[in-house]
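Protein chains in written order, with the UniProt record's numbering: chain G, 1 to 384; chain E, 1 to 348.
Don't take every hint at face value.
The calculated SDA-like cross-link candidates involving lysine to any residue, where the alpha carbons are at most 20 Å apart (straight line), are [said to hold, decoys possible]:
| no. | chain 1 | residue 1 | chain 2 | residue 2 |
| --- | --- | --- | --- | --- |
| 1 | E | Lys101 | G | Ile196 |
| 2 | E | Lys101 | G | Pro32 |
| 3 | E | Lys101 | G | Ile144 |
Sample of chain G residues lacking proximity to chain E, with all beta carbon distances greater than 10 Å (derived) [to be verified]:
| no. | residue |
| --- | --- |
| 4 | Leu71 |
| 5 | Gly107 |
| 6 | Gly122 |
| 7 | Leu234 |
| 8 | Pro272 |
| 9 | Leu275 |
| 10 | Val293 |
| 11 | Val297 |
For the record, the hints were derived by calculation from the structure and aren't laboratory data. We put the CB at the ideal spot given by N, CA and C, even for glycine.
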Amino acid sequence: MAATIRALRQPLWLRLTSASALSLWLLVAAFPIFWITMMSVKVPLDAFADGPLEVIFGPRTLAAGKGLTILDLLGYGLFLLAAGRAAMRWLPRAVPSLSLFGVRVLGWLIGLMAVVLGVWIGGVFVLPALLGALNGALGLDPLIGFTAEHYRSVWIGRDFWQNFLNSMQVTLGVTVISLTCGTLAGYALARSGSNIAFWLLILALIFRALPHSVLVTGYLPVFINSAEILRPILGDNAPTLYGQPLAVIAVLVAINQPFTIWMLRSFFLNIPADLDEAARVDGCTHFQAFRWVIMPVMWPGIITTGLFSFLLGYNDFLVTSLLLDQSNMTMVPAIASFFNRETTTTDQVQAVAAAVSITAPLFLLVMVFQRQIVSGLTQGAVKG
Amino acid sequence: MAGIELRNVSKRWGRFTGVDRFSLSIREQEFLVLLGPSGCGKTTTMRMIAGLEEATEGDIVIGGRRVNDLDPKDRDIAMVFQSYALYPNMTVYENIRFPLKIRKVPAAEHDARVRRAATMVELTEFLDRRPSELSGGQRQRVALARAIVRQPAVFLMDEPLSNLDAKLRVSTRAQIKNLSHELKVTTIYVTHDQIEAMTLADRVVVMKRGLIQQVGTPTEIYDRPANTFVASFIGNPAMNLMEGHVTGGVFAADKVRIPGLAAPDGPVTLGFRAEDAAVAPSGQIAAPVYTMELLGDATMVTVRAGGALVAVKAPKDFRIAIDERVEIAVPQAACHLFNTKTGERLEA
Numbered sequence: 001m002a003a004t005i006r007a008l009r010q011p012l013w014l015r016l017t018s019a020s021a022l023s024l025w026l027l028v029a030a031f032p033i034f035w036i037t038m039m040s041v042k043v044p045l046d047a048f049a050d051g052p053l054e055v056i057f058g059p060r061t062l063a064a065g066k067g068l069t070i071l072d073l074l075g076y077g078l079f080l081l082a083a084g085r086a087a088m089r090w091l092p093r094a095v096p097s098l099s100l101f102g103v104r105v106l107g108w109l110i111g112l113m114a115v116v117l118g119v120w121i122g123g124v125f126v127l128p129a130l131l132g133a134l135n136g137a138l139g140l141d142p143l144i145g146f147t148a149e150h151y152r153s154v155w156i157g158r159d160f161w162q163n164f165l166n167s168m169q170v171t172l173g174v175t176v177i178s179l180t181c182g183t184l185a186g187y188a189l190a191r192s193g194s195n196i197a198f199w200l201l202i203l204a205l206i207f208r209a210l211p212h213s214v215l216v217t218g219y220l221p222v223f224i225n226s227a228e229i230l231r232p233i234l235g236d237n238a239p240t241l242y243g244q245p246l247a248v249i250a251v252l253v254a255i256n257q258p259f260t261i262w263m264l265r266s267f268f269l270n271i272p273a274d275l276d277e278a279a280r281v282d283g284c285t286h287f288q289a290f291r292w293v294i295m296p297v298m299w300p301g302i303i304t305t306g307l308f309s310f311l312l313g314y315n316d317f318l319v320t321s322l323l324l325d326q327s328n329m330t331m332v333p334a335i336a337s338f339f340n341r342e343t344t345t346t347d348q349v350q351a352v353a354a355a356v357s358i359t360a361p362l363f364l365l366v367m368v369f370q371r372q373i374v375s376g377l378t379q380g381a382v383k384g
Numbered sequence: 001m002a003g004i005e006l007r008n009v010s011k012r013w014g015r016f017t018g019v020d021r022f023s024l025s026i027r028e029q030e031f032l033v034l035l036g037p038s039g040c041g042k043t044t045t046m047r048m049i050a051g052l053e054e055a056t057e058g059d060i061v062i063g064g065r066r067v068n069d070l071d072p073k074d075r076d077i078a079m080v081f082q083s084y085a086l087y088p089n090m091t092v093y094e095n096i097r098f099p100l101k102i103r104k105v106p107a108a109e110h111d112a113r114v115r116r117a118a119t120m121v122e123l124t125e126f127l128d129r130r131p132s133e134l135s136g137g138q139r140q141r142v143a144l145a146r147a148i149v150r151q152p153a154v155f156l157m158d159e160p161l162s163n164l165d166a167k168l169r170v171s172t173r174a175q176i177k178n179l180s181h182e183l184k185v186t187t188i189y190v191t192h193d194q195i196e197a198m199t200l201a202d203r204v205v206v207m208k209r210g211l212i213q214q215v216g217t218p219t220e221i222y223d224r225p226a227n228t229f230v231a232s233f234i235g236n237p238a239m240n241l242m243e244g245h246v247t248g249g250v251f252a253a254d255k256v257r258i259p260g261l262a263a264p265d266g267p268v269t270l271g272f273r274a275e276d277a278a279v280a281p282s283g284q285i286a287a288p289v290y291t292m293e294l295l296g297d298a299t300m301v302t303v304r305a306g307g308a309l310v311a312v313k314a315p316k317d318f319r320i321a322i323d324e325r326v327e328i329a330v331p332q333a334a335c336h337l338f339n340t341k342t343g344e345r346l347e348a
C-alpha cells in the first residue's frame with residue numbers, strides 16, 4: 001500500500017495541524033514518564049535540583065563518579081532498540097514454534113519469559129561488564145550522570161521483588177479467571193438469542209456501575225470472618241481470607257468480569273455464526289466447535305481483553321491497599337509505604353525508581369501484543 | 001446414501017409460522033431443489049434437516065432413522081453455506097481435512113481423500129493458501145470440497161451460488177451438476193433463482209410463506225404450474241396472467257378475446273408463456289405496443305391488455321414502434337386457466 005487512495009489524501013494544512021497536535025499530545029503524555037525516569041537515575045541532589053538541565057545531565061551524580069560515557073549511551077541505546085525489536089517482531093513470529101503441546105498461551109508465555117530473561121541478563125550483567133571493560137581500555141570519561149543505586153536499593157534493599165511477585169500472583173489470577181469465565185460466558189451470550197441473555201448483560205452492566213469501594217466494603221466482613229463462616233465446610237483449617245491474595249483476586253474479578261464479558265461478547269458477535277454451524281455439521285459438538293473453530297479466530301479478542309484485565313489487576317490501588325496486609329502487598333500500594341513522617345529525599349527518589357519499575361513491564365506488554373490487538377484475523381471467514 | 005422423509009414438519013417462532021406442515025419424501029440420490037422468494041421457509045426447512053434448527057413438530061427421517069433428536073454431527077450430512085463459512089485460521093488443505101480429523105477418520109486416509117476432493121473441484125494448486133487469499137469462486141469450491149470429502153448420506157446446499165458474479169455462477173452451476181452426477185448422493189439445494197432450480201433439479205419444490213405450492217420435475221413445474229404463484233415465479237419472463245370472464249368457452253378481457261376454451265362460465269385468470277404466443281396479422285389480442293426489448297436471440301414485445309402487461313416473444317429481426325398497434329396470436333393449447341379467487345389451476 002504505497003500510495004494513499006486519492007479520496008483519503010489530506011491537504012497539507014490538515015496534515016500539519018494533526019501532526020503538531022499529535023506531537024503536543026505526545027509531549028504532554030510522555031513527559032512525566034521521561035521526567036521520572038531521569039530523576040530515578042540521579043542522586044537526590046540532582047533529582048530535586050532547581051534547574052531542569054541539572055536533572056537531565058546530573059552534574060552532582062557525575063561528580064560522585066557515576067555516569068555514562070558516549071560508548072555506554074550507544075551500547076545501551078542499541079540494546080534497548082534490539083530488545084524492542086525482539087519484543088515486537090521476533091516474539092509474535094516465534095510463538096507457533098514455542099507453543100508446547102499446541103497451546104498458544106504457553107507459546108506466548110515462553111516467548112515473553114525469554115525476552116524478559118534476555119533483557120535482564122544482557123542489561124544487568126553482560127552489557128555493563130562489557131562496556132566497563134571497553135571504557136577502561138579506551139579511557140573514555142562519563143558524559144551524563146547515571147546511577148542505578150536507587151533501583152538496587154528498591155528491588156533488593158526494600159524487597160520490592162517480593163511485591164513484584166505478589167503483583168504477578170494477583171494479576172495472573174485476575175486475568176486467568178476473568179478470561180476463562182469471560183470467554184465461556186461471552187460466547188454463550190453472543191450466540192443465545194433469548195431474553196435471559198439480554199437481562200444478564202444488563203445486570204452485569206449494573207454491577208459494573210457500582211463504585212469499587214462499595215464492593216470492597218461489602219466483601220470486607222465476609223473476608224475477615226471467613227474462618228468462622230467456612231469452618232462447617234472446611235473444618236478447623238478454614239482460612240481467614242483477609243490479607244490473602246485470593247481475596248483480592250475475588251474482588252478484582254468481581255469488578256472486572258462484567259466488562260470482560262461485554263467485551264468478549266462483542267468480539268464473538270463479530271465471528272459469524274455460520275462458522276459454528278459449519279463446524280457442527282462437519283462433526284463437532286458445541287464445545288469442540290468453540291474450542292477448535294471459534295477460539296483460534298478469537299485470539300485478538302482474547303489478547304485485547306486479557307490486556308485490559310491485566311492492567312486492572314496490575315494497577316489497582318484501592319482494593320489491594322484495603323485488603324492486603326504488609327507481607328502480601330503488591331507493587332502499587334507498596335510505593336505508598338515508602339513515604340512516612342521522616343521521609344528523606346532518598347526515599348522519594350526510591351519511590352520514583354519504584355514507579356518507573358512498575359511502568360516498564362507495561363511497555364513491554366503493549367509492544368509485544370500491539371499487532372494482535374489491532375489484527376483482524378476473521379477476514380476471509382465469510383465473503384469479502 | 002439415503003432417502004429423506006419429512007412428515008408434517010413445522011417451525012414456529014411464537015405466533016409466527018416459518019414452515020407449515022411440510023411433508024415430502026425424497027428419493028435416494030435425488031437432486032431436490034427448494035425454490036421460493038426470500039422468507040418462504042426454504043432455508044428453515046433445510047436447517048431443520050441439518051439439525052441447526054429444531055422442528056416444532058413433525059418427523060424428519062434420514063435413511064430410515066428418525067433424526068429429530070440427533071445433533072447435526074450425528075445426522076451424516078454435509079452442508080455448503082451461502083457465506084462459505086470457511087475456517088479462516090486454517091489453510092485450504094486443513095479446511096477440507098477438518099471433517100475427517102474431527103470425526104477421527106484414520107489419519108492414513110486423510111491425505112488421499114483431501115487430494116481427491118480437491119481434484120474434483122480443481123483446487124489442487126491452492127491447498128496451501130488461506131481462505132482470505134482466495135477469490136469468491138475459489139472459496140466456494142473449498143466449501144464444496146469440504147462437503148464432499150467425507151462422502152455423507154446427504155448434501156445440503158444453502159444458496160451456494162448467490163455470492164458469485166453472474167459468469168462464475170453459470171460455470172459453478174455446471175460443476176455442481178456434474179459433481180452430483182458423479183457422487184450420486186441425495187442432495188437438497190436451496191435457491192431463490194428459478195434458473196438454478198430448472199437446470200439442476202430432478203424435482204423442484206416451490207414454496208411460499210412456509211407452504212409447499214407445487215412439487216414436480218422442472219418440466220412439470222414449467223408446463224403445468226399448479227397456481228398463479230408458481231406460474232408467475234417460474235420462467236423468464238414470468239407467465240403472462242390476465243383476469244377476465246369466460247362465457248360459453250370464450251375468454252374476454254380488455255382488448256382480449258380467446259375462444260375455444262373448455263372452461264365453465266365465470267371469472268377466470270388466463271395465463272400463457274411469452275414464447276408460446278406470436279405476433280400475427282390477426283390474433284386474439286389486439287393492443288398498442290407498450291415497449292419493445294431486444295434480447296439478441298429474440299425480440300420481446302410487450303402490450304398492455306387484460307389489465308396487465310403481456311409479453312410476447314417475436315423473431316429477432318422483428319421491429320415495431322411504441323404505441324403502434326399489434327395483433328397477438330395465442331393458441332388455445334398454450335392457455336393455462338386459473339381460479340381468479342384462489343389462484344388454483346383449473347384442470348381441463
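Consistency of the hints with the structure:
Between the alpha carbons of E/Lys101 and G/Ile196 the distance comes to roughly 36 Å, so the proposed pair goes past 20 Å and is violated. For the suggested pair E/Lys101 and G/Pro32, the alpha carbons sit about 55 Å apart, so the restraint of at most 20 Å is broken. Simply put, E/Lys101 and G/Ile144 have alpha-carbon atoms about 63 Å apart, too far for the 20 Å limit, and the pair is violated. With 10 Å as the threshold on Cβ separation, the claim that G/Leu71 sits away from chain E holds: the shortest Cβ distance comes to roughly 47 Å.
Separation of G/Gly107 from chain E is adequate, the least Cβ-Cβ distance of about 15 Å exceeding the 10 Å criterion. With a closest Cβ-Cβ approach of about 34 Å to chain E, G/Gly122 is found to remain outside the 10 Å limit, as its non-interface label requires. Under the 10 Å C-beta cut-off, the non-interface status given to G/Leu234 relative to chain E holds; the minimum distance is some 40 Å. Consistency note on G/Pro272: stated as away from chain E, yet its beta-carbon is not over 10 Å from all of that chain's, at 6 Å minimum.
Annotated as non-interface, G/Leu275 brings its C-beta within 10 Å of a C-beta of chain E; the closest such distance is 5 Å. A beta-carbon of chain E comes within 10 Å of the beta-carbon of G/Val293; the shortest separation is about 6 Å. With a cut of 10 Å on Cβ distances, G/Val297 falls inside the contact zone with chain E, its closest approach being about 6 Å.
In summary, the structure is inconsistent with hints 1, 2, 3, 8, 9, 10 and 11 from the numbered list given earlier, while agreeing with the others.
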